[in-house]
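All chains, full assembly: derive it from the sequences and hints.
Residue numbers (the numbering used here), protein chains in the order written: chain A, 1 to 75; chain B, 1 to 170.
No lab work stands behind these hints: they were computed from the structure.
Just so it is clear, the structure is predicted and the values come from calculations on it, not from any experiment.
We treat Cβ as the ideally placed atom computed from N, Cα and C, and that holds for glycine.
Heads up, a few of these hints could be off.
[Claimed, not checked] Pairwise CB distance ranges (calculated):
# : chain 1 : residue 1 : chain 2 : residue 2 : range
1 : B       : Glu143    : A       : Ala44     : 38 to 46 Å
2 : A       : Ala44     : B       : Met75     : 39 to 47 Å
3 : B       : Gly153    : A       : Asp63     : 48 to 56 Å
4 : A       : Met58     : B       : Met158    : 39 to 47 Å
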Amino acid sequence: MMNQLLDAKGLNCPLPILKAKKALKDVPAGGTLEVLATDPGSVADFQAFCRATGHELMESTQDNDVYRFVIKRLN
Amino acid sequence: MSGGATGSASANAKSMSIIVTKGSLDWAYPPFILATTAAAMNVNVTMFFTFYGLPLLLKKLNLQVTPLGNPGMKMPMMGMHMGLPNIVGAIPGVDAACSVMMKNLIKKKGVASIEELREAAIESDVKMIACQMTMDLFEYKLEDMIEGPTLGGAAAYMEIALKSDINLYI
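As structure tokens, this is what we get:
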């Protein structure tokens, strides 16, 4: 399955979400987008974003100050 | 090529309207952040630019912020949050300097510029309406504005607002 990577480290709200939205357009249905971010607010933001858009937030983890999200495009 | 829907095709899509009435650098952020984020979440967004918000549609932006009469404005300086006394803010050139400093801080912190947010809004099909009355009042020409916004008045806005789930006045 195609896994795209979006490096949103150092970017502040709302850029991680805006760039993820744009990147997801190129992800086929069933594919995943991995997002790396340093914005702590992005944890809640990506949960809300996935709820609102119907995509699946498969992973939301933190390693030091880098947050890692894996979003599966469902539609 | 693009498979991402902006939500306009969905019957259940929520909608939001924003009246944008202010044109300073600090006040430009809330409407554009909300509009772009909502659009990313499949909300149909309309922005109505009126009065001092209208210049936010100009092709070339040079937004300014002032500490004068802005008691809530306290910037991180030397480990503290500091405000500038009004008497200093009133000196010619201080506004311009503060605006440059604010823009540098924004860039340094990885926050999007207004130009970037505006571009993202247009890309996400956020509908933008320029208040016709304000265009006349302050003698703005459509040629000076970016491509995309349509002209409208209060009734055009009102019809959209009546159908929207969220209506904001900023």
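- Message: When the structure is checked against the list of hints, which entries are broken? Sort them ascending.
- Response: 2
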